[in-house]
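Undergrad: Here the protein sequences line up with chains A and B, keeping their order. Count the first sequence with my numbering and you get residues 1 to 690, in order. Count the second sequence with my numbering and you get residues 1001 to 1186, in order.
Just so you know, the hints here were simulated from the structure itself, not pulled from any lab data. Think of the CB as a built atom: it goes at the ideal place given N, C-alpha and C, for glycine as much as any other residue. Don't take each hint at face value.
[Stated by the list, open to error] Sample of chain A residues at the chain B side, in silico, Cβ under 10 Å:
{"#": "1", "residue": "E377"}
{"#": "2", "residue": "I441"}
{"#": "3", "residue": "K465"}
{"#": "4", "residue": "K477"}
{"#": "5", "residue": "A508"}
{"#": "6", "residue": "H572"}
{"#": "7", "residue": "V614"}
{"#": "8", "residue": "A616"}
{"#": "9", "residue": "A619"}
{"#": "10", "residue": "Q622"}
{"#": "11", "residue": "S625"}
{"#": "12", "residue": "K632"}
{"#": "13", "residue": "L634"}
{"#": "14", "residue": "A643"}
{"#": "15", "residue": "A646"}
{"#": "16", "residue": "I648"}
[To be verified] With a Cα cut of at most 30 Å, we get these calculated DSS-like pairs of lysine-lysine:
{"#": "17", "chain 1": "A", "residue 1": "K465", "chain 2": "B", "residue 2": "K1038"}
{"#": "18", "chain 1": "A", "residue 1": "K372", "chain 2": "B", "residue 2": "K1060"}
{"#": "19", "chain 1": "A", "residue 1": "K653", "chain 2": "A", "residue 2": "K632"}
{"#": "20", "chain 1": "A", "residue 1": "K149", "chain 2": "A", "residue 2": "K246"}
{"#": "21", "chain 1": "A", "residue 1": "K449", "chain 2": "B", "residue 2": "K1153"}
{"#": "22", "chain 1": "B", "residue 1": "K1013", "chain 2": "A", "residue 2": "K690"}
{"#": "23", "chain 1": "B", "residue 1": "K1060", "chain 2": "A", "residue 2": "K679"}
{"#": "24", "chain 1": "A", "residue 1": "K632", "chain 2": "A", "residue 2": "K687"}
{"#": "25", "chain 1": "B", "residue 1": "K1013", "chain 2": "A", "residue 2": "K570"}
{"#": "26", "chain 1": "A", "residue 1": "K246", "chain 2": "A", "residue 2": "K306"}
{"#": "27", "chain 1": "A", "residue 1": "K246", "chain 2": "A", "residue 2": "K116"}
{"#": "28", "chain 1": "B", "residue 1": "K1013", "chain 2": "A", "residue 2": "K632"}
Each chain, letter by letter, is given below.
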Amino acid sequence: MKKLIINIILVSSLFISFQVSSTVIQVDRNFDGDIINETKQLLEILSVYNFGDSRAWLNDFQDLLRRIHKNPEIYPEIEDLMIEFLQSDATMEGKQYICKQIGLIGSKQSVPVLSKMLLDISAFNMALLALEPINDKEVDKALIKALSKTKGITKTGIINSLGVRKTPEAVNPLSKLIFDKDHLISSSSIAALGKIGNMQASISLGTAYQKAEIPLKWSISDAWLKSADNISSYEETYPIYAEVYKDNPPVSIKTAALNGLINTYTGESSDYLVAALKDPDPEMQEAVIPLIRNLDMKNDMEVYIKELPNLKENLRIQLVLAIAARRDPAAHDLLLSMIKSKNQDQRLSALMVFPDHAKSSDVVFLASFASKSKGRERDMARECLNSMSGDNINDAILTVAQKACPEERVELIRAIGYRNIISGIDILLISAKHTERKVRIESFKTLGKIGSPDYLPEIIELMIKSESSAERKEAEKAITSIATTKDDESTQSDEILKVIPAVKTLNAKISCINILGNLGTEKSLPVLREYLISGEYNIRVAAIKALSEWPDASPRKDLLGIVLKTKDIKQHTLAIQGYVRLTLIDNNLREDDKATALKETMELSENTNEQKIVIAGIARVQSLSALRQVIKLLDRKELQNEAEAAVIDISRKVGELHPEKTRAILNQLLNDSQNPEFKSAIEERLKWMK
Amino acid sequence: MFIGTPQNFNVDKLEMPSVVSRPPFYAPAGTENIAYEKFIESTDEDPIIGENELITDGDKEATDGSFVEFRSGNQHITIDLESTHEIYAILIWHFHKKARVYKDVIVQVSDDPDFIIDTSTLFNNDHDNSSGLGVGEDFHYVETHEGKLIDAKGAHGQYVRLYSNGNTYNELNHYIEVEVYGKPVE
C-alpha cells in the first residue's frame, strides 16, 4: 500500500512537472511604459522558464533591456530586482539569463550574491558570466577569496576569469598554482599569469620557467612571452625572448620569441633572422619569412638577398615573394630572374606579383615572353602588360610596338586595347596594314575596343582594302562595335551607308551588308531591300542573311517574298530560316498566329531540311494549334522523329496553359502511336502533368 | 582523371567513357591536322573567357588559359580551312576537367560557308531537333582528355562547323581544341 501511495505521488509530480514545462508563456503586452514594472512582470515570466519552453518573452525582454540601457540612472534599481531574482527559487535557466544581464549593468552590489553562487557547482558558471565583466575591485577580491574555497573545474573557471580581468592582486595566489598537481589548474594559472602580464607576473613566470621541465616548460614559456609583450621596456623584455629562443622550443613559441627578439634587439635584427633561415628545422625556416616581410621598411633586404643562393627552392621563392610584398626595389631583378627560370611554379609565382614591380624597360621582355608562352603563363604575362603601373608604361608600349617583331607586336597591340591607350589608335591604324595577317587581325580587334566613331571612315576604308575574309570579319566586328557606341542609334549606320554605293569589290560590299545587318537601323532597311534584288547572287545572299538577323520583325514580309519567288535553293532555305526566326520574335503576332504563319511556311518548304527548320520553329510556339500541326506531320516518315520531338516540346509548354486538352491529345497519341520510345516520352509527360 | 564530385548525368542515350585508351585511327599517308591555327568564326562574337584562336592553337589541356567559354544557348563555331579538303577525322575537346556531357553536338562539313548546299552532317546527338537540323541518332558522350573522335569518312569541304547547346554542368558552351585531319583536294 505504501509503495502504491509513493508511486501515485511520483506519477502525480511527474504529471505536474510536465504541465509546468509545457506551459505556453503568455506575455502581457499591455505594458504601461514603466520600466520597473515591466521588469518585474518579465522576471515573473522568466522565473518558470526551462529550456525547450516557448521563448515568446525574449523579444519583449530584449526590447526592455534596450530601454534600460538608454537609462543608466535606473541600473541600481534593476540590479536590485535581478539580485532578488537570483535569490529566489526561479529556474536555473532563468537565472542564467539574468546573470548575463547583470554582467552588462551590474556593480559591486551584486558581488555578495554572486560570490555565494561561485561555491555552487551548478551555478558557478553563470556567476562568473555575471562577475567577469563588472568593473569593480570587489569582484577581484571575491574571486581571489573563492580560489581557496574551490577546486577542480570551479577553481579553473575562477582562475580563467582572473586572467581575463588581468587582476594584478591575483599574481601571488596564481603563482603558487603553477606547479599544481591538477593539470587544468596548473595550465590555467600559467595562462592567466600570461594574460595579467605585469612585471610581477613576468617574474613569477620566469622563475617557474627556470625550474620547470618539458613539456610544462613550454606552456610557461608561451605565457612568459605574452607577459613580455606587455612590458614596454626593451631592456627588460629582451632577455626573456633571448632566454626562450636559445632553449629551442617548439616552432610556434620559437617564432614568437624570435619576433620579440627582432623588435627589442638594439643591434642588427638581421643577425637573428639570417641565422633562423639556416635553422635545421624547415618549419622554422618557413616561419621566418613572414617576420622578414613584416620588418620595418627601413630594414635593408640586401642581407637576406645574399642568402637566396643558400636556400632550398621553395624557401627561396617564398623569400623573394616576401621581399616583393614589401615593394622593395630589389625585388624587381629577383622576380625577373624567377620568371626566366626553368621551374614553372617559380615563373607563375613571380608573374603573379610582377605587375607591381615591372618597369617600362620590361615591356619588351614581357611581350616576348607572352608571345612564346602558352596557357596560364601566357595569360599571366599578358596580365602583367595589361596592369603594370610604373612610370611611362604606356609610352613604352607604344614605342616598342612600332618596332617589335610581329609576334611581340600582337601582344603589345592587345595591351594597348586592355590599357585603353587611346593615343595608340594611330599605331593601330598603321598596324592594320601590316604585312603579317596576325598583326592586322589583332589591330582590328583592338580598334573595336578603343576606337571612336571619328575613326570609322578610316577603319571602313581599311576593311574595304582587306584581302582575307578573316580580317574582314574582324573589321566588321570592330566597325559594328564602334558604331554602336554612338548615342543616337539612328545614325549608327551612317558611315557605312555613305560608302557602300561606291564599293566595287564584291567581298567588301558583302562585309558592308553584314555590318548593316548587325546594326539593324531603320535607315539600312531600304538599302538592304534593294540588295535583295541585286543582280549579283552573293549580294542577294548577304542581304537575306542580314535581314534574317534583324533585331525586330520588320523585314519578315521581305523574307517571305524571297521564299515565294526564288528558285535558288540556298536563298530559299536562308529566307525560310530568317522568316521562321522573325515570326517567332514578332510581338504583333499571337501564338496562334505564329502557328498559322509557320504552317504556311511548311507548305512552302522545298525539302526535308527546310521542313525540319520549320518544325523546330513550330516547337517553340506555345499553342494548341501548334501542337495539332505537328501531330499532322507524324504520318510523314521523313519527319516523324522531328515531329515527335516537337510534340513533346510543345506539350511541355502548352500543358500548363491547357492541361485538360493537352492530356486528351497526348492520351490519344499514346493510343495511336506504334513507336515505343515516343510512347514512353508521352507517358513521362503525362506523369508530370498529374 | 576528373576533379570534383561525380555527378549523375540526366541525359538519354549516353555512351559511357571507355576504360581503355582509344585504338589508333588510320588515315591515308600525308594526313595532318589542317585546322591548326586556322581562322574560326563563332556565333558568340565576344566569348566570356578566352578567344577563338585557342580552339586551334594545339593546346589540349583543360587548364586556365586554354579554353574558350561561349554564352548559353545553341552556339556554333566554323573553321575555315581556306580551301577544300578531304577530311578523314575530326577530334573535339570541349571542357574536360570535370566529367560532363555537352548537348546537341552537331558536326558538319561543307564547301558552302552557309552550310545549305552540299553539307555533310558527320555527327548529331540533338535528340529533339532544337537546332533545327533534324533529330540526330548519335549518342551523348562524356568528355575526356582523349577528345571525341568523329570518323569523317573522307567528306569534302572547306568549312567545318560544330554546334553545342550547354552541358550537364551549366548552360554554357566550351571548346578547348578542335583538330581536323585531312589532305587538300587537288
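Undergrad: Each hint should be assessed against the structure and marked as holding or not.
TA: Quick rundown of the hints versus the structure:
1. E377: Holds, about 8 Å.
2. I441: Since chain B brings a Cβ to about 8 Å from A:I441, closer than 10 Å, the hint holds.
3. K465: Result: violated, 18 Å to nearest chain B Cβ.
4. K477: holds, 6 Å
5. A508: violated, 16 Å
6. H572: holds, 9 Å
7. V614: holds, 8 Å
8. A616: At about 3 Å, which falls below the 10 Å cut-off, the nearest Cβ of chain B leaves the hint on A:A616 intact, so it holds.
9. A619: At 7 Å from the nearest chain B Cβ, A:A619 passes the 10 Å test, so the hint holds.
10. Q622: violated, 15 Å
11. S625: It is violated, given that the least Cβ distance between A:S625 and chain B is near 19 Å, above 10 Å.
12. K632: Violated - the Cβ of A:K632 stays beyond 10 Å from chain B, reaching only about 16 Å at its closest.
13. L634: violated, 13 Å
14. A643: Because about 9 Å separates A:A643 from the closest Cβ in chain B, which is inside the 10 Å limit, the hint holds.
15. A646: holds, 7 Å
16. I648: This interface hint holds because 7 Å falls under the 10 Å limit.
17. A:K465 - B:K1038: holds, 21 Å
18. A:K372 - B:K1060: Given that 30 Å is the threshold and the Cα spacing comes to 17 Å, the pair holds.
19. A:K653 - A:K632: Answer holds: A:K653 to A:K632 is near 19 Å, not above 30 Å.
20. A:K149 - A:K246: violated, 40 Å
21. A:K449 - B:K1153: Judged against 30 Å, a Cα distance of about 42 Å means the pair is violated.
22. B:K1013 - A:K690: holds, 26 Å
23. B:K1060 - A:K679: violated, 42 Å
24. A:K632 - A:K687: OK: A:K632 and A:K687 at ~24 Å, within 30 Å.
25. B:K1013 - A:K570: violated, 33 Å
26. A:K246 - A:K306: With Cα atoms ~25 Å apart, A:K246 and A:K306 stay inside 30 Å; holds.
27. A:K246 - A:K116: violated, 47 Å
28. B:K1013 - A:K632: holds, 27 Å
The earlier numbered hints that this structure contradicts are 3, 5, 10, 11, 12, 13, 20, 21, 23, 25, 27.
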